[in-house]
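Construct the entire structure; sequences and hints are all you get.
Here the protein sequences line up with chains A and B, keeping their order.
So the first sequence is numbered by this note's numbering: it starts at 1 and just counts up by one.
So the second sequence is numbered by this note's numbering: it starts at 1001 and just counts up by one.
If you are wondering where the hints come from, they were derived from the structure by calculation, not from laboratory data.
The structure presented is a predicted model; accordingly, all values stated were derived computationally and were not measured.
It is possible that some hints are incorrect.
What the hints assert, rightly or not - In the DSSO-like style, the derived pairs of lysine-lysine whose C-alpha atoms are separated by at most 27 Å in a straight line are:
1) Lys1149/B / Lys114/A
2) Lys203/A / Lys1307/B
3) Lys222/A / Lys1307/B
As the list claims (entries may be wrong) - Over 10 Å on every C-beta distance to chain A, these chain B residues come out as not near it, computed from the model:
4) Asp1013
5) Lys1127
6) Pro1161
7) Ile1309
Said to hold, decoys possible - Label-pair ranges, simulated between beta-carbon atoms:
8) Lys170/A / Pro1311/B: 19 to 25 Å
9) Glu427/A / Gly1139/B: 57 to 63 Å
10) Gly1200/B / Gly288/A: 42 to 48 Å
11) Asp1002/B / Asp116/A: 40 to 46 Å
12) Leu1093/B / Gly229/A: 44 to 50 Å
13) Ile1309/B / Glu427/A: 42 to 48 Å
14) Ile1008/B / Gly288/A: 28 to 34 Å
15) Leu1104/B / Val420/A: 43 to 49 Å
16) Gly229/A / Leu1104/B: 52 to 58 Å
17) Val420/A / Lys1149/B: 31 to 37 Å
18) Gly288/A / Thr1304/B: 20 to 26 Å
19) Arg1063/B / Gly229/A: 50 to 56 Å
20) Gly288/A / Asp1170/B: 41 to 47 Å
Where is the CB? At the ideal position from N, CA and C, for every residue including glycine.
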Amino acid sequence: MVDFLTPSRRGVLKGGAAVGAGLAMPTIFSSQAWSAEYLNKPTGDTVTFGFNVPQTGAYADEGADELRAYQLAVKHLNGEGDGGMLNTMKPLVLSGNGVLGKKVSFVTGDTQTKSDAARASAKRMIEKDGALMITGGSSSGVAIAVQSLCQEAGVIFMAGLTHSNDTTGKDKRRNGFRHFFNAYMSGAALAPVLKSNYGADRKAYHLTADYTWGWTQEESIKNSTEALGWETVNAVRTPLGAGDFSQYITPVLNSGADVLILNHYGKDMVNSLTQAVQFGLRDKQVNGKDFAIVVPLYSRLMAQGAGENVKGIFGSTNWHWSLQDEGSKAFVKSFGAEYGFPPSQAAHTCYVQALLYADACERAGTFMPCGVVDALEDHEFDGMGNGPTLYRGADHQCFKKVLVVKGNENPSSQFDLLEVVQEVPAEQVTYDPAIFGGELGECNNGA
Amino acid sequence: MDAILLQILNGLDKGGAYALIALGLTLVFGTLGVVNFAHGALFMLGAFCAVSVNQFIGLEQVRLDPDNLTPWGTPVEIREPYIVSWLGDTGHLLLDYSVPVSILAAIPVMILIGFIMERGLIQFFYKRPHAEQILVTFGLAIVLQEIIKTWFGANPLPQSPPDAMRTAADIGVLVGFDPGQIVYPYWRLIYFLFSALVIGGVFAFLQLTTFGMVVRAGMADRETVGLLGIDIEKRFTLVFGLAAVVAGLAGVMYTPILPPDYHMGMDFLVLSFVVVVVGGMGSLPGAVAAGFLLGILQSFASMTEVKSILPGIDQIIIYLVAVVILLVRPRGLMGRKGVMEG
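Now the structure itself:
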């Protein structure tokens, strides 16, 4: 029989352990993880989105435009303004009174276009500000790092401008979604246009930004152009933010190449293209052909920075403000009225991502990440600027039309810098999700 | 052979910028004994003088065209620079040549900035340890770049060279190469010639004028010059202004090569300090020689043939050379005995 009045040493230890465990229980179960069904479940009358964009650094232009688009999206979601793409989006369950009856509020972070800074700002928004969804970014390195953080934390990540195959390829995550197109799609869309303009017998020289996006773009463009019959003479990696590219451009001059492919974006692309033109590459004749420069990923903001140097240069883009479908017109009208100039492709993809997330929550009837994931996977929609679009469940990549563009030879305004050469249908840029490997894994509610 | 010549040319224009910044750094260190970490900011401020002049000359009048509407329903804006409507072709010419024109504005502005910087802050740190000088001038550099960021934004602001100098010169034919084999942008050639001219001008000023003679004497033995009744402090303040002008002009002329942003001073500062150390602290010829030497080495290290043997060498070559030179010759290439020793 156990004598409770004269405890043994063993009994004291056992009891102590039991009491300790008992005391610890409330701490464990009162943690955020167990106080709700999912992390950062909104309890008041607002829901918080986290806009993580580059406000400084090489991609600050895109970041500023992304933030403008997000602010516009929040206005429209909350029933202010003219509603923008909420008037054209199909199907649509949002009614302009917030999401699931809660007004949308937001917090912002500066990714600085650095993975560690981006993760730190996303972490701060999740842990301190209670953000339920993180979105934004203008660099694939950043997108992959933040996507992984959101997966671990248990919130949804709606990627902004990220073009690397890896984002929805080998580094894809169940909690992450990308509306923007990728490097593979650029290659698939661009190659036939390059062939019809420059022929099948060309020698290409690549200058490539030395990080995940540059590598995958180089690989995709090489695959697409070599399939046309082009030869790759050389592919040289350049440090991100190199500034002066002269030492990388001069070897191109006498390399025998007759095409220079610039796998650069943002400030790097502005600098490398400007300097390539200064070195006379655009006026050069090699192998009896006019030398050509190709910028596989274009944006109007970059074209603005590079000025006249973009004239006649081919590239691809996710979206352009001059498109005449109803969704694009509605967005351009809204954005232009608010800010006085047309939106960039970065602004477009971010605006669309914010609306798609809100719509998915409304359709799912919950903000719970796994419910939102179910609502977004294999969701088909239209009226958002790229024609009928599929959010493929197998890799969380959107499949839609891709634009091949060319630097406008005769711009009619300061914004009319790119001319849409072709709208390449989704079927031409669709691929087997297995080719890039990776596993989506399980969705995470953060609880 | 052509590839080697092209990389030498690359090294010369890059080395020109390094040499100009390092020259000013060395002047300030040699005369005032100050390790000025705000010197890169002077290069950046010079570049933004060019931006400001361009924006000023290019001020536009905006007319609204009620017959043409933007997609968002407002009248299309028709913009024309005032200077073009006032001066016609001369206005176009001024706009086209805004970078060279900026030199005229940059000289007084940089003298003023240098004077304010030296009299307002740096003079109080002459007799303080180098570590304190570095801290205070580094802080000043950050303040200056944040001011520029607030005013001009974080993004680079491309500046164009004049139309006539936008393309490349076929310089290979001048030395017997086939046409088109060695072409090099006009503006970069101009930058190299400009830096050589400024460097020559500074040396001539120091060697051929009484003022320069006093400054050189002061650099060698400040106390003795003071004992002769010469107000060496006043002359050194002017030297600080001169160093600011040299850095500023280097910045102005570099804008068509590298679109200026608020951080460009910091990007060049570290490299320029390495140049000064390699050249020898306090040695003006050393700073110039090391500037061009390191510029050329950096260009060669970027060659595919070199990178295929030593991947990533282009990123570290300057620091590697600095380590080797300091190990073999701790005073730097042309450093004087006793400077920064002990």
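Now for the hints, and whether the structure bears them out:
1. Restraint check for lysine 1149/B and lysine 114/A: satisfied, since their Cα atoms lie roughly 19 Å apart, inside the 27 Å limit.
2. For the hint linking lysine 203/A to lysine 1307/B, the alpha-carbon distance of about 22 Å falls within 27 Å, and the restraint holds.
3. In summary, the hint linking lysine 222/A to lysine 1307/B is supported, as the alpha carbons are separated by about 21 Å, within the 27 Å threshold.
4. In this structure aspartate 1013/B is not separated from chain A by more than 10 Å, as the shortest Cβ-Cβ distance comes to only about 7 Å.
5. At roughly 37 Å from the closest C-beta of chain A, the C-beta of lysine 1127/B stays outside 10 Å, upholding its exclusion from the interface.
6. Taking the minimum C-beta to C-beta distance to chain A, about 8 Å, the non-interface status of proline 1161/B is violated against the 10 Å cut.
7. With a closest Cβ-Cβ approach of about 14 Å to chain A, isoleucine 1309/B is found to remain outside the 10 Å limit, as its non-interface label requires.
8. A hinted range of 19 to 25 Å for the beta carbons of lysine 170/A and proline 1311/B is consistent with their spacing of about 23 Å.
9. Under the hint 57 to 63 Å, the C-beta atoms of glutamate 427/A and glycine 1139/B, about 59 Å apart, fit the expected range.
10. At about 45 Å, the CB distance of glycine 1200/B to glycine 288/A agrees with the hint of 42 to 48 Å.
11. Range check, aspartate 1002/B to aspartate 116/A: Cβ separation about 42 Å, and the 40 to 46 Å hint holds.
12. Look at leucine 1093/B against glycine 229/A: about 48 Å separates their beta carbons, and that is inside 44 to 50 Å.
13. Range check, isoleucine 1309/B to glutamate 427/A: Cβ separation about 46 Å, and the 42 to 48 Å hint holds.
14. A hinted range of 28 to 34 Å for the beta carbons of isoleucine 1008/B and glycine 288/A is consistent with their spacing of about 30 Å.
15. Between leucine 1104/B and valine 420/A the beta carbons are some 44 Å apart, a value that agrees with the proposed interval 43 to 49 Å.
16. For the hinted restraint 52 to 58 Å between glycine 229/A and leucine 1104/B, the CB-CB distance of approximately 55 Å keeps it satisfied.
17. One distance hint, 31 to 37 Å for the beta-carbon pair valine 420/A and lysine 1149/B, holds here, with the actual separation near 35 Å.
18. Separated by about 25 Å at the C-beta atoms, glycine 288/A and threonine 1304/B satisfy the suggested range of 20 to 26 Å.
19. For arginine 1063/B and glycine 229/A, the Cβ-Cβ distance of about 51 Å falls inside the hinted range of 50 to 56 Å, so the restraint holds.
20. For glycine 288/A and aspartate 1170/B, the hinted distance range of 41 to 47 Å is not satisfied, since their beta carbons lie about 19 Å from each other.
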